[in-house]
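S.K.: So you can see what is in the structure, the chains are spelled out below.
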Amino acid sequence: MERMLIFCMLFFCSSMAMTAAPHKIATYKQLFKTITRLETTVKDKDVELLHTPENPVDGCLSTAVICFQKGALKLQPENSQVNSTFTQTIRVLGIPSDPISQAHCESSCESYEKKTPKEFLKSFANLIKQLIKN
Amino acid sequence: MAVPGTFLMPILLLCRLSPNLAAARSPTGVECVLFNEEYMTCTWGSREMLTANYSLYYWYENRSPVVECKHYLQDQGVSIGCHFNQSEIIQFQPFRVLVNASLGGRTLEIPSKRMELQDLVKPEAPVNLTIRNMSSNQLQLTWTSPYPKAQCLEHAVKYKSNKDTSWMEQRVKGEIFSFPSVDYEKYYTFYVRSKINSYCGSTQLWSEWSVPVVWGNNSTSKSVVEEQLHWFWIHTVLIPIASCLLLLVLVILLVRMERVWVILMPRIPNPSKNFDELFVTHNGNFQEWAGVPKDIVESFKPNYSENICYVSELPPKESYEHLWESSNHLLSLMPTALAAPCEHSPYKSTYVG
Numbered sequence: 001m002e003r004m005l006i007f008c009m010l011f012f013c014s015s016m017a018m019t020a021a022p023h024k025i026a027t028y029k030q031l032f033k034t035i036t037r038l039e040t041t042v043k044d045k046d047v048e049l050l051h052t053p054e055n056p057v058d059g060c061l062s063t064a065v066i067c068f069q070k071g072a073l074k075l076q077p078e079n080s081q082v083n084s085t086f087t088q089t090i091r092v093l094g095i096p097s098d099p100i101s102q103a104h105c106e107s108s109c110e111s112y113e114k115k116t117p118k119e120f121l122k123s124f125a126n127l128i129k130q131l132i133k134n
Numbered sequence: 135m136a137v138p139g140t141f142l143m144p145i146l147l148l149c150r151l152s153p154n155l156a157a158a159r160s161p162t163g164v165e166c167v168l169f170n171e172e173y174m175t176c177t178w179g180s181r182e183m184l185t186a187n188y189s190l191y192y193w194y195e196n197r198s199p200v201v202e203c204k205h206y207l208q209d210q211g212v213s214i215g216c217h218f219n220q221s222e223i224i225q226f227q228p229f230r231v232l233v234n235a236s237l238g239g240r241t242l243e244i245p246s247k248r249m250e251l252q253d254l255v256k257p258e259a260p261v262n263l264t265i266r267n268m269s270s271n272q273l274q275l276t277w278t279s280p281y282p283k284a285q286c287l288e289h290a291v292k293y294k295s296n297k298d299t300s301w302m303e304q305r306v307k308g309e310i311f312s313f314p315s316v317d318y319e320k321y322y323t324f325y326v327r328s329k330i331n332s333y334c335g336s337t338q339l340w341s342e343w344s345v346p347v348v349w350g351n352n353s354t355s356k357s358v359v360e361e362q363l364h365w366f367w368i369h370t371v372l373i374p375i376a377s378c379l380l381l382l383v384l385v386i387l388l389v390r391m392e393r394v395w396v397i398l399m400p401r402i403p404n405p406s407k408n409f410d411e412l413f414v415t416h417n418g419n420f421q422e423w424a425g426v427p428k429d430i431v432e433s434f435k436p437n438y439s440e441n442i443c444y445v446s447e448l449p450p451k452e453s454y455e456h457l458w459e460s461s462n463h464l465l466s467l468m469p470t471a472l473a474a475p476c477e478h479s480p481y482k483s484t485y486v487g
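Just so you know, the sequences run in chain order A and B.
Here the first sequence is numbered in our numbering, starting from 1 and rising by one per residue.
Here the second sequence is numbered in our numbering, starting from 135 and rising by one per residue.
One chain only, chain B, in its complex shape:
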């Protein structure tokens, strides 16, 4: 059964290779940038993502034959991009690129979309930034650009004073920026960057920010720096140390001086000890514990006995006599001592309804 075996082997190889090739496809496409119109680089990924052998072919539509890249960009032995010389760059002609990824004899094509190279220009950062002091508190910032066609550039100026917290950014068309009202007490920093304007291309690729230029009173800036350093030492060193020392002194005072401790942490009174004598010695007898004289204690005791006197509402006359007889009967049944106080009671009352 050799035939099925030989038939199966390529399929197995393909199944094994295709995930790797798919991983080779995972780069996000080809990205090309023209640096100052001097050279161009087209890259398709980084070493960490790429695992196959890559080759790039390019052509200009209806204009030139398909040509392979002459100068590859390498990263640890893997091609990650192609470098184009100025002579290989034609703007305003549709540019196409094809990247082939090959691994183990199998090749995969990574196509790219049609590109217009004039829309991929990234100019170099402006240089020679110069500040001039004009009349009436006005500053004028000028610069030059390494990009050859000044009519194709627009610029952005970013500036801040030492008293500001955020940067201000303004777009400028020419190579001059006027700063209207300058404060001589402040220290200013300026940056400039450039981009191809809409008259020469459609791009959002800004150049890098230029080397900054500063303006302001040197002595002012020095004193500001010194003042800042001074405040830094105060805030970061002196105040924490002083606070710690104060805390330490207070803790020592608290521990050593009981008078201070008692004022700050007064004792919660515990009355239970005061009542030990009452409950233990005198067995709960409050009067004995309080020291009340015995004759007064005796005087509070009653020397008579009082009977219970039943009081009830008298019914109407017909039943009155019946009730009176029944109550007399009851009285005769009760002990004499009890019956007698009821008759002598000052509260004896009669009610005839």
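Next up, chain A with everything else stripped away, as it sits in the complex:
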């Protein structure tokens, strides 16, 4: 009976792992589309510059994602017409984090150089590409 239970648990966990990966990729792809949409509606001039992680190493990917997530909250729409869709889009930026890799990263968000919102979003898109590929 115990063996049966252990076997079922293992079976269940392995099936979850197999379905998790494509789901994660689908989430990242959706996030990538969201970021490219934001690039056209974000206000780029006379706004606060944001800490932009640039080419983070593999161990710091999740930290970089969190930094981008925090910085994205400070983004502003270009004009009042795109305000409602902009706010909804910012809310979509929920990203699954990997607590294991977070622990090994030494860089904090404030250690990264500040850049304009559009450059911030370009680097964010680049990071998502890296996550999809890995």
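Worth flagging that the hints you see were computed from the coordinates, not collected in a lab.
Be a bit skeptical, because a hint or two may be false.
Okay, derived cross-link-like pairs now, BS3-like style, lysine-lysine, Cα gap no bigger than 30 Å in a straight line [unchecked claim]: (1) B/Lys-283 with A/Lys-122; (2) A/Lys-45 with A/Lys-115; (3) A/Lys-122 with B/Lys-329; (4) A/Lys-118 with B/Lys-283; (5) B/Lys-297 with A/Lys-118.
Some chain A residues flagged as far from chain B (calculated, every beta-carbon gap over 12 Å) [claimed, not checked]: (6) Glu-2; (7) Met-4; (8) Asp-58; (9) Pro-77; (10) Glu-78; (11) Ser-80; (12) Asn-83; (13) Arg-91; (14) Lys-114; (15) Ile-128.
A few chain B residues facing chain A, derived, Cβ under 8 Å [as the list claims (entries may be wrong)]: (16) Tyr-191; (17) Trp-193; (18) Pro-228; (19) Arg-230; (20) Gln-252; (21) Thr-278; (22) Pro-280; (23) Tyr-281; (24) Gln-285; (25) Tyr-333.
Every residue gets a Cβ at the ideal spot worked out from N, C-alpha and C, and that includes glycine.
On the provided structure of chain A, position chain B as indicated by the hints.
M.R.: Showing chain B alone in chain A's frame:
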């Protein structure tokens, strides 16, 4: 004056070498391609263009020290590129390359711009193309890619039937292509190629086209081929030979049969011979040549002579008598033969204005 001589020599050498070095610069820059993410080659020209010794140094910005290429690509003793192993490739890190060209102790640097290696990936062509016959006249084409990350690929399918003149191309995201309505009378050929999609890089480097896969009725295709061969023989051999033979027969007919020749090429009549007798024998005398009898010829000749009769408008009465006298005077002066017919003329008229 040895000092100016020694001073001049390097300048002269430099002037002599710099065109060669400039020629060494003429390569269009360094081009790097990652083949299926297994290895990378960076090339800077071809043997025909390059004349100097080249060495490549590379580094990842803020990440690694400057390292020289470990495996150069050679063409007839000249380095034209560098080969990178998989362990030397790091994506999503700014990659820089510097090529040094040296000739006769003088070195020139050929810098390259900053590269993101994930944007330079060229996947391998898809393999194992398979066609399955689905229900309702639908074909399904599937394939696999040697590139490890399927989520990073987009594909393009190129297909044509034996009755079409041009290829159709369609973009596909997954590794399945459905062909909606297939004609069982036709013979189809399919090719597939891949590219890294926008989720994993920004590149326009398509892979090579795959090995084709065909679908269609074998006997149909054979008969089509035979039919094409049959038409080829007719158009290329029989018709030209038949035309040449026909032409030859016509030429022979024309030459041998004068009746045919005369019908096709009638003689233009030349009347000059008919008139030889008129101009030569009869000296232009038409009546003599025509055979007009002499008494008729004589009858046409007038047997009287007619004088000139002057007719003029008569002026008013006062001058009428003056004119009448002057005309009588004139008549008296003229010969009698001439004056007489004028009086007997039936057309004598008087006009008194």
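S.K.: Taking the hints in turn, state whether each one holds.
M.R.: Hints and how they fare:
With a CA separation close to 23 Å, the supplied pair B/Lys-283 and A/Lys-122 stays within the 30 Å bound. In summary, the hint linking A/Lys-45 to A/Lys-115 is supported, as the alpha carbons are separated by about 11 Å, within the 30 Å threshold. Annotation: proposed proximity of A/Lys-122 to B/Lys-329 holds, straight-line Cα distance about 21 Å (limit 30 Å). Taken as a hint, the A/Lys-118 and B/Lys-283 pair is honoured in the structure, with Cα atoms around 29 Å apart against an allowance of 30 Å.
Taking the CA atoms of B/Lys-297 and A/Lys-118, the gap is about 51 Å. The hint is violated against a cut of 30 Å. Against chain B, the non-interface label of A/Glu-2 holds: every CB pair exceeds 12 Å, the least being about 39 Å. Every Cβ of chain B is farther than 12 Å from the Cβ of A/Met-4; the closest lies at roughly 35 Å, confirming the non-interface assignment. Remark: the non-interface label on A/Asp-58 conflicts with the geometry, its nearest Cβ contact in chain B lying 9 Å away (cut-off 12 Å).
The beta carbon of A/Pro-77 is kept farther than 12 Å from every beta carbon of chain B, the shortest such distance being approximately 24 Å. Taking the minimum C-beta to C-beta distance to chain B, about 23 Å, the non-interface status of A/Glu-78 holds against the 12 Å cut. Every C-beta of chain B lies more than 12 Å from that of A/Ser-80, the closest at about 30 Å, which supports listing it as non-interface. Residue-level check passed: A/Asn-83 sits 27 Å from the nearest beta carbon of chain B, beyond 12 Å.
A/Arg-91, annotated as away from the interface, keeps every beta carbon of chain B farther than 12 Å; the closest lies near 22 Å. The Cβ of A/Lys-114 sits about 17 Å from the closest Cβ of chain B, beyond the 12 Å cut-off, so the non-interface label holds. Distance check on A/Ile-128: its Cβ comes as close as 8 Å (rounded) to a Cβ of chain B, failing to clear the 12 Å threshold; non-interface status is violated. The restraint placing B/Tyr-191 at the interface with chain A is violated, with a minimum CB-CB distance near 20 Å, outside the 8 Å limit.
Below 8 Å, beta-carbon pairs count as interface contacts, and B/Trp-193 has none with chain A, the closest being about 14 Å; its hint is therefore violated. Annotation: B/Pro-228 was flagged as interfacial toward chain A, and the flag holds, the nearest CB pair being 6 Å apart, inside 8 Å. Look at B/Arg-230: its Cβ only gets to about 13 Å from chain A, farther than 8 Å, so that hint breaks. Against a cut-off of 8 Å between C-beta atoms, the interface hint on B/Gln-252 holds, since the closest Cβ of chain A lies about 7 Å away.
With a least beta-carbon distance of about 17 Å to chain A, the hint placing B/Thr-278 at the interface is violated under the 8 Å criterion. Contact between B/Pro-280 and chain A, as hinted, is not supported at the beta carbon level, the nearest pair being about 16 Å apart and thus beyond 8 Å. Among the interface hints, the one on B/Tyr-281 is violated; its C-beta lies about 11 Å from the nearest C-beta in chain A, farther than the 8 Å criterion. Look at B/Gln-285: its Cβ gets to within about 5 Å of chain A, closer than 8 Å, so that hint holds up.
Hint status for B/Tyr-333 relative to chain A: holds, with the closest Cβ pair at about 5 Å, below 8 Å.
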